[in-house]
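Asks: These protein sequence lines map, in sequence, to chains A and B.
In terms of the numbering used here, the first sequence has 2121 at position 692, counting the first letter as 1, and numbering is strictly consecutive.
In terms of the numbering used here, the second sequence has 1949 at position 520, counting the first letter as 1, and numbering is strictly consecutive.
Check the hints yourself; a few may be wrong.
[Unchecked claim] Partial selection, computed: residues in chain B whose CB lies under 10 Å from chain A:
id, residue
1, 1515
2, 1831
3, 2161
4, 2170
5, 2174
6, 2194
[Stated by the list, open to error] Sample of chain A residues with no beta-carbon within 12 Å of chain B, all distances over it, derived:
id, residue
7, 1555
8, 1565
9, 1617
10, 1802
11, 1819
12, 1824
13, 1843
14, 1852
15, 1908
16, 2068
17, 2113
18, 2116
19, 2139
20, 2143
21, 2149
22, 2214
To be clear, the hints were calculated from the coordinates, so they are not data collected in a lab.
No experiment lies behind these values; they were computed from the predicted model shown.
From the three backbone atoms N, C-alpha and C, an ideal C-beta is built for every residue, glycine too.
So the chains spell out like this:
Protein chains: 2
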Amino acid sequence: MRERKTDLDNRATHGLHTVKEEDVEGDIENDAKGILNSDNGAHSTEPLLVKRRNTTSQIAIVGANISPIESLDYEIAENELFKQDRRSRKKVQIFQYILLKWTFALLIGLFTGLVGFFNNIAVENISGFKLLLTNKLMRKQQYYEAFAAFAGCNMVLAAAAAALCSFIAPAAAGSGIPEVKAYLNGIDGHSVLAPGTLFVKILGSILGVSAGFVVGKEGPMVHTGACIASLLGQGGSRKYHLTWTWLRYFKNDLQRRDLITCGAAAGVAAAFRAPVGGVLFALEEAASWHVTLPSLRVAVLFIAYLFNAHKNLTVVAIVLRAFMEFCGTGKCGIFGKGGLVMYDVSSEKVQYSGPDVLAVILLGIIGGIFGSLYNYLVDKVLRTYSIINEKGAAFKISLVIAIALLTSCCSYGLPWFGRCIPCPTHITVSCPNTDESGNYKSFQCPPGYYNDIASLFLSTNDDAIRNLFSASTKKEFRISTLFLFFSAVYCLGIVTYGIAIPSGLFIPVILAGACYGRLVGRLFRSISNLDTGLFALLGAASFLGGTMRMTVSLCVILLELTNDLLLLPLVMLVLLISKTVADNFNKGVYDQIVKLKGLPYMEAHAEPHMRHLVARDVVSGPLVTFLGIEKVGNILHSLRTTGHNGFPVIDEPPFSDAPELCGLVLRSHLLVLLKGKNFSRERIPAGQEILRRFAVFDFAKAGSGKGVKLEDLDIEEEEMEMYVDLHPISNASPHTVVETMSLAKAAILFRKIGLRHMCVVPLSQGRPPIVGILTRHDFMPEHILGLYPHIKPHK
Amino acid sequence: MRERKTDLDNRATHGLHTVKEEDVEGDIENDAKGILNSDNGAHSTEPLLVKRRNTTSQIAIVGANISPIESLDYEIAENELFKQDRRSRKKVQIFQYILLKWTFALLIGLFTGLVGFFNNIAVENISGFKLLLTNKLMRKQQYYEAFAAFAGCNMVLAAAAAALCSFIAPAAAGSGIPEVKAYLNGIDGHSVLAPGTLFVKILGSILGVSAGFVVGKEGPMVHTGACIASLLGQGGSRKYHLTWTWLRYFKNDLQRRDLITCGAAAGVAAAFRAPVGGVLFALEEAASWHVTLPSLRVAVLFIAYLFNAHKNLTVVAIVLRAFMEFCGTGKCGIFGKGGLVMYDVSSEKVQYSGPDVLAVILLGIIGGIFGSLYNYLVDKVLRTYSIINEKGAAFKISLVIAIALLTSCCSYGLPWFGRCIPCPTHITVSCPNTDESGNYKSFQCPPGYYNDIASLFLSTNDDAIRNLFSASTKKEFRISTLFLFFSAVYCLGIVTYGIAIPSGLFIPVILAGACYGRLVGRLFRSISNLDTGLFALLGAASFLGGTMRMTVSLCVILLELTNDLLLLPLVMLVLLISKTVADNFNKGVYDQIVKLKGLPYMEAHAEPHMRHLVARDVVSGPLVTFLGIEKVGNILHSLRTTGHNGFPVIDEPPFSDAPELCGLVLRSHLLVLLKGKNFSRERIPAGQEILRRFAVFDFAKAGSGKGVKLEDLDIEEEEMEMYVDLHPISNASPHTVVETMSLAKAAILFRKIGLRHMCVVPLSQGRPPIVGILTRHDFMPEHILGLYPHIKPHK
């Protein structure tokens, strides 16, 4: 570059070149002063770039560990290679792509359905074995041995789950929904969707739920579905010779995201057997529905895409159904009617009048308050736990075992406070029942009597929910029992989330909510005629609304669970009220967790304080640009000294009339290009040669950890002085905003289009053709409020 | 402007000024040659603007008449007034806004629910009266008189509906869903949502359905819901002193669109009693869910918005329920169990095996073919009818009466081909029944016998569907009857859509589909054990999938209709198959109608041919720009001679260092500013004065036909030479793209952000700061393929 400094028209870009020279000489990581160009007499009176850096963190907590994060890029890099490929595309390739997309969608559905099914069987059998053993010992009146067996089983299972999560895949800890949500927003945490995570998530979830924790398997199922989809979308594995040219179509973030959205939806469908709920969940929580597919032949694809989500859900529904019928004949071990959550709330038609609605409204308001309190407490507990978890694997496992012991003590200890209640007459089920599931647990009671506390505590979470939802059994549980169980489950749910096991949030919330609802139903017996089972359902709805804050999808999931659409108005009413109430206090639990984990989540709307700023105000340095035909040494140096993933490419005379922005080149593409060693000794366009040597799929995004790395390059000293033509791999249509663009508008644009880099161009003429690049981190409130502390964020 | 021609830095913008001078002198409407600036020695070697104009039509068919259309603008004009208003905004205003939004959502739900309910009662009573009269005459064996009464009633009702549609509100004709869909896409047809349209839509729909046409009231209900929402969002009426300061919050397209989305969802909910289906319909068809609200305090609002759709649906559900219970006691005239569509397909649990699924797949494939054929034929018929309708009201009414006569002949004539079938024993309903509804019609048969053809033809459409869906009545209809009814309804449905009455497409399609499904069920009796009623439902699903091509929302609507979620996998499977099959032939029926009507609908994805072009390639002239402080005469002239709605504002020295784009000013805002007469004699900034004189709500978008018009201005000759400062009303953050931006990307951006104007800025320096403006019409395939005929559109 230096030899061209005397060029006549170079004045305007002088500042940028200065930057780069300083980059070469100085230590760019420590100081950004090279960004000021006030010394070089460009037209502009304002500095090219303010002397500031973005200090927001590039690492976040994923699962139970801290790991680096990367942004995903949903923009199509429309470079010359891409255009050449598009021109040469044949019909057969489109057909291949569509066929593959359908196949993948079906496979995702199939695998997720199978995992969901076997997960259920495993949990039912392991916890069934545990409960039967405890029961047997109790009937022999060996109460201490029974406790030892019960707590021992729980702790061994818990320790196994914790060990898996600590040593193999820390990313598998927790619900997984925040991570999937962040991924679909464009944040790729390290190994969030890796095969190891998938393995640990499935196994850890089985162990954790079997260990009697107050955790669900629904959140982990969503994560599992997403992992399965991601694995399919990896584009094969060169190491194991599992690659196939067809798979190349999925080697970009856009295609992978579509698959993962399908996977998440399939997870919900498999967990709740709620296919419509699954679609809606993907829509409401993942919120990536309307992002279209500007790739291949879009018209055809959009239709195919719309299908995908449904197609695999249909498969999930059919797979689950087939296996359920198979298991109904008793071939799957101790597999009761439990497992797949499916409740039958009320067979008769629901009739309600004024006082009932009033009771329901009250239920919703209190449920909303409890829900937001739940979020608040979960947040506090999570902060504490993350300090413990950071200390290492031993601490993580100890924490898990401690909580397992606490849970065991509650489950086994609290029923001793219960009285023995005579079994009701005229019921069809056995009482007390000897099975591991069922409404009436004998515990320490003589035959003909049952312990109502044990009926709730000493069973799987699914069974407890089923017992609470059960209709026409108004007096089965005493008010004190319900109160005790509610307090215990509410607290256990809060202290359990955040330990290093896969742990869903749905079941704890539904459990506490159902108990709360049944309690309210008992208390309101005088003013409302609704069934207590229905009250339990509405209570669960109010808690879900208060914590998760999704209305439509939760509503549909609950209705799909209970298979009674006539409940719709009541469920919707409760969800709306509890959400509205809870929204006054804090954010939804998943949003809170995303924030706590430090994931740079882009909201769909702009923060109010962004309205006061323009794009230029938050641009941070250092900006590193390349010339259209750049020296290899410069590129290599920039790649080494910065962590940037996108570099603006600028054409200068004699290749253009004036300095102009001709595109944006990505780090991963540069690495591939440099590896190809297509250099020339002179500064001449060599685009045709590169177009011949490379195909667009050479630059496709590789699966996680598989791309060309900086260390892989082997550039000799002599080659450092040679030139390489960046035009063929520059995205000629980067999204740009003028520097005076309102930051709020830029943020919405960034989020809606799903960008990774947004170029900021100058408003006035006679200045370098690019002012800076905005990335996800530049829109984060921490960055903006750090730069402008006087702007107060709205609450 | 002319006096500044000698300015030193004026060279670059010279071309633009030349254009404007020629505009002043020449007749801009006839010639666009003023656009070339190759004669003025600017740096650029390429012409500023290619010599071309956009010739796509600015008028479209709305309802049954041709009318001008306008684009809506969902962009917030972030001008100085807006910013000033934002700074001074108080908490109480936000509270007002939220309260109002909730109230409106509830009101929309309430009104739509009421309209839906009374619509049903009216239809049931009018057609009940008609059918009872016919029945009475037939029992007296006065067959000719019976026909005369039947056909007479039908033709009078039809003529009344046609007269309303022809003379009062032509926009009320047809389904209304295409118009609502286009509105939510950003196209405002003349009086699509006017009060007159609402009135005619409700009344015309009642008359049309009562007249025995094969039309539904569901599409019109969606339109009605949208009209009600639009009426509430008008911001009151100054004429009738119904204005209120609070209403000003809704005086922009963004807020109105949200309300109208709610209204459309409420319409679906009221028509089908399917609240979740309503939300999904709004999502899938209107596709405007993810467009957020970048206004006021967005965080709060987004939540409120998410609620709105649900809130009013809850109200709809509750209102309908309350009235149904009221009417169950017989207080609403001849109001049978009919009216509100709600079918009970099968009470027992559905069991299906391999052959059943095979039969269902076959059903889906054939249903998809029939569905796409339906679309094809509707398209052809519509083209023919639009020629007839264009000739005037008399032709329209004659056409309606002719179709009414045809329908009457079919309904009354075809049952004569039927045989009398002995009534089945062991049934609970009376046979033959004398009521206007019910399964078994006596027609000409002796007591104890029924005519199965009459049971389908001589009843309301809702009753016919209910009869077809009825379970456990396998042999009620003969195969020949089903075949006859299917052919008749299929053809009548096709020839009926497009006549000048409000006519929904759902019911004809469901009717034909249910009949087809039942027919298939009868034919497949040997291989499938599924109930024929269930087959009818699946047949309806296959037809709906084949014509409408919405999968999720239709699925949910059907499930909500039948209240059995266990049918979900089968219904989904059928919908997917039929949609996939039909997509190979043509587009969905609503898309077809939108295209046929000439509405410039922006697709969510870009057409493949757009990939080959850049933004610069489709920019069309003439471009008219203003200076930051512009002469009143120039503004007035441009407003008079062009139809443009947005004008770029350019700052020049001495107000800036170099010519730069400082914003975009809207026609409506210019008119208000000129009416305020805040002029100055010198070219000086007068922003502060204007900020004092005006409030942001003076520039809010008025309700349809209420804004300041060009004729309202009264500018004197002397004032023409004065200056006005445009800065306070210029949107300082217009969305821009660089001229080399891929057109496909620009189109997606345009659609996603919901723009009306998109500024194209030059890539290289030393040129005028704006190249052109892209509007919706510039992205239309007709325009692009007109400019580049060698680009072949992909099929």
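Asks: How about residue 1515(B): closest beta carbon in chain A under 10 Å, or not?
Replies: Since chain A brings a Cβ to about 6 Å from residue 1515(B), closer than 10 Å, the hint holds.
Asks: Verify this label for me: residue 1555(A) is non-interface relative to chain B, using a Cβ-Cβ cutoff of 12 Å.
Replies: The claim holds: residue 1555(A) sits with its nearest Cβ about 30 Å from chain B, beyond 12 Å.
Asks: So residue 2149(A) supposedly isn't at the interface. Is its beta-carbon more than 12 Å from every beta-carbon in chain B?
Replies: 31 Å, holds
Asks: Taking the closest pair, is the beta carbon of residue 1908(A) still more than 12 Å from chain B?
Replies: 31 Å, holds
Asks: Decide, holds or violated, for the assertion that all CB atoms of chain B are farther than 12 Å from the CB of residue 1843(A).
Replies: 36 Å, holds
Asks: Verify this label for me: residue 1802(A) is non-interface relative to chain B, using a Cβ-Cβ cutoff of 12 Å.
Replies: 19 Å, holds
Asks: When the nearest CB of chain A is found for residue 1831(B), is that gap smaller than 10 Å?
Replies: 38 Å, violated
Asks: According to the definition I'm using, a residue is off the interface if its beta carbon is farther than 12 Å from all beta carbons of the partner; does residue 2214(A) meet that for chain B?
Replies: With a cut-off of 12 Å, residue 2214(A) remains clear of chain B, as the shortest Cβ separation is near 15 Å.
Asks: Would you check whether the claim that residue 1819(A) is not at the interface survives, using Cβ distances to chain B and the 12 Å cut-off?
Replies: Fine: 31 Å to the nearest Cβ keeps residue 1819(A) off the interface.
Asks: Taking the least C-beta to C-beta distance, is residue 2194(B) closer than 10 Å to chain A?
Replies: Cβ of residue 2194(B) sits 5 Å from chain A, so the hint holds.
Asks: With 12 Å as the threshold, tell me whether residue 2116(A) passes as away from chain B on beta-carbon distances.
Replies: 16 Å, holds
Asks: Mind verifying the non-interface call on residue 1617(A)? Its CB should be farther than 12 Å from each CB in chain B.
Replies: 22 Å, holds
Figure legend: structure checked against the earlier numbered hints; the only hint not met is number 2.
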